[in-house]
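There are 2 protein chains.
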Amino acid sequence: MDIKDLCESIKKYEGKEVTLEGWVRNNRNQSNFGFIDFNDGTYFKSFQIVYDKDLKDFDMVSKIRVGSALRVCGKIVKSEGSNQSHEMKATSVEVLGDSSEDYPIQPKRHTREFLREVAYLRPRTNLFNAVFRVRSVAAQAIHEYFQSHNYVYFHSPIITGADCEGSDQMFKITTFDFNDLPKDEKGKVDFKKDLFGKKAYITGSGQLHGETFAMCYKKIYTFGPTMRTEKSNTKTHANEFWMIEPEVAFCDIEGIMDIEEEMLKFIINYVMEKCPLEMEFFDKFVEKGLIEKLNKVKNSKFVRITHHDAIKLLKEAKVKWEFEPDYNEDIAKEHERYITEYYDGPVFIKDWPKDIKAFYMKLNDDNKTVAGVDLEVPGAGELIGGSQREDDYDKLIKRMKEMNIPQDDLVWYTNLRRFGGCYHSGFGLGFERLIMYLTGVDNIRDVIPYPRTPNSCDY
Amino acid sequence: MDIKDLCESIKKYEGKEVTLEGWVRNNRNQSNFGFIDFNDGTYFKSFQIVYDKDLKDFDMVSKIRVGSALRVCGKIVKSEGSNQSHEMKATSVEVLGDSSEDYPIQPKRHTREFLREVAYLRPRTNLFNAVFRVRSVAAQAIHEYFQSHNYVYFHSPIITGADCEGSDQMFKITTFDFNDLPKDEKGKVDFKKDLFGKKAYITGSGQLHGETFAMCYKKIYTFGPTMRTEKSNTKTHANEFWMIEPEVAFCDIEGIMDIEEEMLKFIINYVMEKCPLEMEFFDKFVEKGLIEKLNKVKNSKFVRITHHDAIKLLKEAKVKWEFEPDYNEDIAKEHERYITEYYDGPVFIKDWPKDIKAFYMKLNDDNKTVAGVDLEVPGAGELIGGSQREDDYDKLIKRMKEMNIPQDDLVWYTNLRRFGGCYHSGFGLGFERLIMYLTGVDNIRDVIPYPRTPNSCDY
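Chains V and D, in that order, give the protein sequences.
For the first sequence, position 57 (counting from the first letter as 1) is numbered 57 according to this note's numbering, and the numbering increases by one without interruption.
For the second sequence, position 62 (counting from the first letter as 1) is numbered 62 according to this note's numbering, and the numbering increases by one without interruption.
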């Protein structure tokens, strides 16, 4: 049986014989008895197995190494120790797979840098075990939120032939042998001979495709991997990450902020309810005050201000900035921090200067700003970026021309404005950013099972 | 409000004023009154809007084109027509976005081939609307099944530097300009200068990585996109598709069959419960007898036979085969069909000749077969492929050598057998195959929003 099911109904099993299969986290023993910290991965806490001389294989068992896989049978009894309410008194222990002398994960503190080098073993430590379970549970929270609100889960394509995002940020894919590329009559690589009969890329966003489905299902969301070529070696950038991109028809910028706020509170609630032990662990060892921070967010009403008012606030602040705030510019990390601290909670910043935002954002009546909105949260900065989309065909085309977006590849996208277009909005939530925010872990490499970053693509 | 919420609690809204936003599927009118088939995508069936001369914009409304986006207000009343129990008597109609003369989706029958050419509009038809909602609901069924059974959702990496699957089947990715590739001193392309500092590929499976997490969480599943370069233009192959790959520690081949069977029945139940209108539509217009087929599967006990016995059965059959059954070979489509018809239900075929299966499958005691298992279902053939994995380090290494699998890139994988390895099993379920099976739609291009197949990568 799963240790999770055992621990969550422990009273029911008192006095009963059960069989567990799992791994040894620690094996401490003296001449007449011993304790095994036993973990099967379904539950954060290890379960204590007690064995003594009555066990026929006592000598063998007392030598079992950390990391070994065992099947143990025994009776569940009240524990006399103070660390747990119950334990198992072993009646038989069978080694299913032993571990070796050089097993890297010993019961001691390992640095995160070392653990990244043995990424395939790191979820066997408390920290990473907790991180990747929260990752799984948060993913389910997202699915449950959207599915229960009548959204359709839309699988946007990963491979695209359209160069609409600017190929600089997209990986190119091919089936060719790089050292034997077919050439056309002009000596250029002949992609007509490649699998798709043309150049192909990996998309960096599913939003444009998502809009096509929102224009008939009303509410859709994507949730899938995204790959970008950014050569950025920071704690918050990876070249492969997961993203959630909801798109909602008949929804304006205020409506999409409502949805973002409701969704985020739902996820926080869900994770805190399903992973209390993990959250306690993060609160104690990773980010002191994490649970209080999240509880406060759950119970707050998010502030909504314009980019103009945000810059005004920054300019009026008695702070020496590294980057001077500017009404026509983006806001820097230090600004984000100031604003979320000033309001002591999450802040929506909306109505951004059009020239620093994407072509598809709706132009406001002032002709200077667009209906984009970023959600800034304390400690993590920008968590969500969204906008109302331009639904006026002529304005969209004009904007695409100004920004040199090739129209030919996007006729299907612009046509949405001719065939029953309507006001609609959407946002993008970086899943890893969310996990960092929920766990307090500050490096994106530590919330992705096998991170891909510049010059690093191991496993 | 969503039409789904309205229709599922229609009694509650009788006599009430409501506001709906959605799209016109049809607009039929005479001189004094008219009917709009109104659909907002949250519900399969369109809702009928009735309007008459009392409406101040009657003339405008009677000219509204198919495909237009509207906001309509009105009272919910019992319908006198026979096609629906209730309808809305419109008190105001506002056009949010009109449609054009050349709108391709008119209220008539379109061929699936034509609709593939306007893939971005096809979910506005009944067939595709139903297909992609079932796709979304089936995805949720899968998440709910695994999450409720203590599995961890594991995001396997898409980009890999390991060439372990044979690069012939994998897309290569790069950030280089193909017409200006950096070369090393030998004149070969210098991947040290590429983003990851080495050659990089798109993986065709997350299984090997999944095993690393199963070796600490006990039960994990992946659910993500998969890309393969197969140049196969058939109804069942696509170059981008989604796959589910569960991996379970302390589970043998019989155990994994139990899980596959339970999961499949859970999904069928879930989809039939959540999408009754869609399933009725498929049963009526796509595959006659679909619901009966699925009900039978739900209530059957799946047959389990060995590959040897399957071949024996085929050889004894009084059938003239195109491909003669052979004890050392794979089974052909015609064989699959015969077997599922013979047993009149799903059949697990296990213990395959080792030479036609992957290196990681557990060698049976006969030294000739491996503990692989395929699930064959009536009408769709192979739906799931799984196996118990080789957990003996020496046997695994021997098999890798025999099959020319490079070991250096996979030390982390083989090491799992040294660090608390245990008997474990897993399987791969092609998500599109499942959707084809659940809907009766027989072409994979019609169950993927934007299919990618050889020489086809549009949108």
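Don't take every hint at face value.
Since the list can't tell identical chains apart, any single copy or any two copies may satisfy a pair.
Stated by the list, open to error - Derived lysine-lysine pairs resembling DSS-like cross-links, with alpha carbons at most 30 Å apart:
| id | residue 1 | residue 2 |
| --- | --- | --- |
| 1 | Lys-333 | Lys-357 |
| 2 | Lys-183 | Lys-16 |
| 3 | Lys-235 | Lys-45 |
| 4 | Lys-274 | Lys-288 |
| 5 | Lys-357 | Lys-45 |
| 6 | Lys-192 | Lys-235 |
| 7 | Lys-199 | Lys-235 |
| 8 | Lys-298 | Lys-192 |
| 9 | Lys-199 | Lys-172 |
| 10 | Lys-235 | Lys-315 |
| 11 | Lys-108 | Lys-296 |
| 12 | Lys-172 | Lys-192 |
| 13 | Lys-198 | Lys-183 |
| 14 | Lys-188 | Lys-298 |
| 15 | Lys-312 | Lys-186 |
| 16 | Lys-296 | Lys-186 |
| 17 | Lys-357 | Lys-231 |
| 18 | Lys-75 | Lys-63 |
| 19 | Lys-45 | Lys-315 |
| 20 | Lys-183 | Lys-199 |
| 21 | Lys-398 | Lys-235 |
| 22 | Lys-298 | Lys-235 |
Hints listed in this document are in silico derivations from the structure and should not be mistaken for laboratory results.
All values derive from a computational prediction rather than experimental measurement.
- Given identical chains, is Lys-298 near Lys-235, meaning Cα to Cα at most 30 Å, within a copy, between copies, both, or neither? within (26 Å within a copy, 48 Å between copies)
- Item | Within, between, both or neither, where Lys-198 and Lys-183 count as close if Cα-Cα is 30 Å or less | both (13 Å within a copy, 24 Å between copies)
- Task: Classify it for me, Lys-199 with Lys-235: is the Cα-Cα distance of at most 30 Å met within a copy, between copies, both or neither?
- Result: The answer is between: 24 Å across copies meets 30 Å, while 32 Å in one copy does not.
- Classify it for me, Lys-298 with Lys-192: is the Cα-Cα distance of at most 30 Å met within a copy, between copies, both or neither? Neither: 53 Å inside a copy, 47 Å across copies.
- Message: My question is about Lys-312 and Lys-186: at a cut-off of 30 Å on alpha-carbon distance, are they close within one copy, between copies, both, or neither?
- Response: neither (56 Å within a copy, 59 Å between copies)
- Message: Please sort Lys-183 with Lys-16 into within, between, both or neither, judging by C-alpha distance up to 30 Å.
- Response: Neither. Shortest intra-copy (73 Å) and inter-copy (68 Å) distances fail the 30 Å Cα cut-off.
- How would you label the pair Lys-188, Lys-298 (within, between, both, or neither) given a Cα cut-off of 30 Å? neither (56 Å within a copy, 56 Å between copies)
- Item | Homomeric proximity label, Lys-235 with Lys-315: Cα distance no greater than 30 Å | The answer is within: 28 Å in one copy meets 30 Å, while 62 Å across copies does not.
- For Lys-192 vs Lys-235, is the C-alpha pair at or below 30 Å within one copy, between two copies, both, or neither? Between copies only: 23 Å across, 40 Å inside.
- Item | Intra/inter-copy verdict for Lys-296 and Lys-186 if alpha-carbon distance must be at most 30 Å | Answer is neither: 63 Å inside a copy and 61 Å across each miss the 30 Å cutoff.
- Between the shortest in-copy and the shortest cross-copy C-alpha distance, which are at most 30 Å for Lys-45 and Lys-315: within, between, both, or neither? Intra 49 Å, inter 55 Å, cutoff 30 Å: neither.
- Status of Lys-172 relative to Lys-199 across identical chains (alpha carbons, at most 30 Å): Both ways: Lys-199 and Lys-172 sit 8 Å apart in one copy and 13 Å across, limit 30 Å.
In summary, the structure is inconsistent with hints 2, 5, 8, 11, 14, 15, 16, 19, 21 from the numbered list given earlier, while agreeing with the others.
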